[in-house]
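J.: Take the two lone chains and join them into the complex the hints point to.
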Amino acid sequence: MSMNRRQFITVAGISTVLGVGSASVIIGLGKSSLEAAQISPDPRALKAKRWGFVVDVSKLASDEDYRKCIDACHDIHNVPNNPNPMHEVKWIWKDTYEHTFPNVAEDKIMNVELQEKNFLLFCNHCANPACVRVCPTKATFKRKSDGIVMQDMHRCIGCRFCMAACPFGARSFNYVDPRPNIAKEKQNKTFPTRMIGVVEKCTACYERLAIGQQPACAEASNGAIVFGDLEDPDSEIRKLISEKYTIRRKPELGTQPGIYYVIGGGEHA
Amino acid sequence: MYNSGKIIAGLVVFFILATMPFLLNLGKASAKVETSIDTPEINALPVKQCVEPKEFMRSEHMQLLNEWRDQVVRNGNRIYESSNGNQYTISLQNSCMKCHSNKKEFCDKCHNYMAVKPYCWTCHIEPKENKS
Numbered sequence: 000m001s002m003n004r005r006q007f008i009t010v011a012g013i014s015t016v017l018g019v020g021s022a023s024v025i026i027g028l029g030k031s032s033l034e035a036a037q038i039s040p041d042p043r044a045l046k047a048k049r050w051g052f053v054v055d056v057s058k059l060a061s062d063e064d065y066r067k068c069i070d071a072c073h074d075i076h077n078v079p080n081n082p083n084p085m086h087e088v089k090w091i092w093k094d095t096y097e098h099t100f101p102n103v104a105e106d107k108i109m110n111v112e113l114q115e116k117n118f119l120l121f122c123n124h125c126a127n128p129a130c131v132r133v134c135p136t137k138a139t140f141k142r143k144s145d146g147i148v149m150q151d152m153h154r155c156i157g158c159r160f161c162m163a164a165c166p167f168g169a170r171s172f173n174y175v176d177p178r179p180n181i182a183k184e185k186q187n188k189t190f191p192t193r194m195i196g197v198v199e200k201c202t203a204c205y206e207r208l209a210i211g212q213q214p215a216c217a218e219a220s221n222g223a224i225v226f227g228d229l230e231d232p233d234s235e236i237r238k239l240i241s242e243k244y245t246i247r248r249k250p251e252l253g254t255q256p257g258i259y260y261v262i263g264g265g266e267h268a
Numbered sequence: 000m001y002n003s004g005k006i007i008a009g010l011v012v013f014f015i016l017a018t019m020p021f022l023l024n025l026g027k028a029s030a031k032v033e034t035s036i037d038t039p040e041i042n043a044l045p046v047k048q049c050v051e052p053k054e055f056m057r058s059e060h061m062q063l064l065n066e067w068r069d070q071v072v073r074n075g076n077r078i079y080e081s082s083n084g085n086q087y088t089i090s091l092q093n094s095c096m097k098c099h100s101n102k103k104e105f106c107d108k109c110h111n112y113m114a115v116k117p118y119c120w121t122c123h124i125e126p127k128e129n130k131s
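Which chain is which? The protein sequence lines are L and R, in order. Counting from 0, one number per residue, gives the positions in the first sequence under numbering that gives the first Met the number 0. Counting from 0, one number per residue, gives the positions in the second sequence under numbering that gives the first Met the number 0.
Next up, chain R with everything else stripped away, as it sits in the complex (with noise of 0.2 Å):
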């Protein structure tokens, strides 16, 4: 093989070069995605939990908003009774984002890491927040 230090360093370096971002990162913890639920009315709150437990809202609030907005919607059917009997009014404005004031520190954090982009914003009004 003609100049082949040349090409086997050059390999190499090729090799080390494109490996860097990964070998730069291992054993590093992963980049987390961290929410606030750090809200007055979430703060006012006896118990800190949502209408369904963490676990549930987090892998499944779509499928419950998109249910949610179905019932109202289509079936007028407004009020939503939790797995723990707790009753709740069903609105995006007027229940959820009444704790979830901190959309951006909420909603968007998450969605952004996730790069999802939901349409709810075009048409619900976002809570106002003082951090802009």
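So that you can see chain L by itself, here it is in the shape it has in the complex (with noise of 0.2 Å):
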């Protein structure tokens, strides 16, 4: 069969319109079929442009202060108790001031009082998060609205480059399944636990904040942790992070974290 110059050309103009226009169909097809008016957040919903924390250590006289906040976290989130230490899986955790802070300019002479305190730690959600840029399944990404790095569970597959990325040592591992080191009548039953295999960390109370609540630990804390948005100039958590002195663990690395760790009172501003 022969073609001239101008069959050819109406052939090929014809298919390809057909070929984009079935594009289309099929990109129409892989669409979800739920509509946006459909969903939406819930209107009790707690917002801010980026979520931060303030605390203030000196409000946590003792050990017990420490554990209330622990246990307020680690209680609604079902985080286990592991009995092998290699095994542990922390969400927020107390540690000492060396261990916090290893790279801060103060030396023992300085702020004696200060040093011998613990602090509590948990996820910086930071502005630049190192865990995210590493993640090859996006299942840990940082939330467009609110700036909180959250771990889709669903998506993660236990890679553990997060947890070597990560500067903070803010996530943990499950070596072993967690459901049995978790007590029975502890369970919060409207909360997932994790599976041998992914990684989880603090996701600052995402299911609260939901319906309005504040993060469990800010609520136990007394005080001693502040939650609010770094964006807003008016907020609290802007007001005492301009009163105070406050640092943040391994600022040099450039990651922005979002905890804020009063060392001084109004003297030191």
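Since the hints were made in silico from the structure, they are not lab data. Honestly, I wouldn't trust all of these hints.
Stated by the list, open to error - Calculated lysine to aspartate or glutamate pairs in the EDC-like style (CA-CA distance at most 16 Å, straight line):
(1) Lys-143(L) / Glu-33(R)
(2) Lys-188(L) / Glu-128(R)
(3) Lys-116(R) / Glu-128(R)
(4) Lys-183(L) / Glu-128(R)
(5) Lys-137(L) / Asp-69(R)
(6) Lys-93(L) / Glu-63(L)
Keep in mind the model is a prediction, meaning the values are calculated, not measured.
T.: Encoded structure:
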């Protein structure tokens, strides 16, 4: 069969149009069948541009006060109490000054009182999170709406890149099945557990923010942990940061951590 | 053909034996799976209707659950407005299983029949059931 130039261009043109047309059909089929109008956030949800924390450990007098914050978090999130310390899973924990701020300028002579304190550590919800950059499945991601660094357990494949990337040790891996190590009577039936082989961490109580509640640790801390919008100049947390001398963990790494530790009163500012 | 009688008889016996399961069940209704929605929570509802009509839920619940999951975890959207205008909180543990508190008679029965193994319950806590 022979074909002249005119016929060839006609056939080529028609098949291009058909091809483009069918592509849109295929793309249309792949789209989610849920309409945007069908789905919305809870009207009670707390909103912010970027959530952050101020931690003032001078308000935590005894070990009991630390325990209260830690238990409040670990109980509602079904965090297992694994017997083997190598398998420890923690969302919020207590550690010494040395471990919290290994590289600050203040030495042993300065601020002795502070250096004897313990600190409450949890995920910094960095503005520039290293864990999110390395995650191969986007299981961990930064919420565009409020800057919370989230962990999608459905997507986590347990590669632990994020644990290597996080400079704050905020992430724990489930080396063993967590279920048997959560006391049955303590189990929070409204929140899932995790399974063996996924990484977990503090999620800034996204499930509580969604219904208008403060994070559990802040609620239990008696004012030692203040939660608020870092981008809002009128927020309580911003006032605290401007009034008091605060430092962050390892700011030189450039991840822009979102937890500010109060280490001095007004006289320092 | 040598031994044709024996061979043909043997073939007939083999054919009958091989097709026995089909012959025995000929004309009978195929096995059906019956899921139960008999829970106190559902019985207390004024209208026994899930978030969407039964037929839709039956064929599309997996897609709906997947989309719900992504919307909640990734976009923070927790309210679902159904096709008849009712609003529901999106949550497997706190909404779905509140009504369908009989996982063994509802979810498992059909999933076992279809030989599918969804891995929801490795993390999500299943409702406590009296029957074991």
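J.: Lys-188(L) and Glu-128(R): Cα distance at most 16 Å?
T.: 13 Å, holds
J.: Keeping to a limit of 16 Å between CA atoms, is the pair of Lys-143(L) and Glu-33(R) held or broken?
T.: 44 Å, violated
J.: Measure nothing beyond the straight line between the CA atoms of Lys-116(R) and Glu-128(R); if it is 16 Å or shorter, mark the hint as holding.
T.: 20 Å, violated
J.: Between Lys-137(L) and Asp-69(R), is the straight-line Cα distance small enough, at 16 Å or below?
T.: Roughly 12 Å between the alpha carbons, so the hint for Lys-137(L) and Asp-69(R) holds.
J.: Between the alpha carbons of Lys-183(L) and Glu-128(R), is the straight-line distance 16 Å or under?
T.: 14 Å, holds
J.: Mind checking the alpha carbons of Lys-93(L) and Glu-63(L) for me, to see if they're no more than 16 Å apart?
T.: The given pair, whose Cα atoms are some 12 Å apart, holds under the 16 Å limit.
When the structure is compared with the earlier hints, violations turn up for hints 1 and 3 and for no others.
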